[in-house]
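Take these sequences, add in the hints, and give me the full structure.
So that you can map any letter, position 61 of the sequence shown is 61 in the working numbering, and since no number is skipped, the others follow by simple counting.
Derived from the structure by calculation, the hints contain no laboratory data.
Cut-off 30 Å, straight-line C-alpha distance, at most; resulting in silico cross-link-like pairs (DSSO-like, lysine-lysine):
(1) 88 to 103
(2) 88 to 98
(3) 88 to 101
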Amino acid sequence: MTFVVTDACIQCKYTDCVDVCPVDCFMEGPNFLVIDPSGCIDCAVCVPECPVEAIYAEEDLPPGQEHFLGLNAEIAAAGQWPVINQRKDPLPEHARFKDQKDKLYLLDRHGA
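Structural data, given as structure tokens:
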């Protein structure tokens, strides 16, 4: 089992979760975070830290969000995004996007 960052993170990128991760398995892109499944130890400490509830255990992914399991793994394996292990400010327009649904089209997959 691993934990997965989902749609709610896109265009917000709150990083409260990275401060508590004991194994530094978060990777940072321009407007999204992913969890590297090869490093995640399934501790779940990141889940309650996310203010937009974007992190789920893989078996608890909401309907329509299952593809984020593969997306997190794919982006992490590509190695283009750096590991992030310290909290940063969210993106400037985070408040505008935090309640928006279906944001996958906004995902910037380029390097951070």
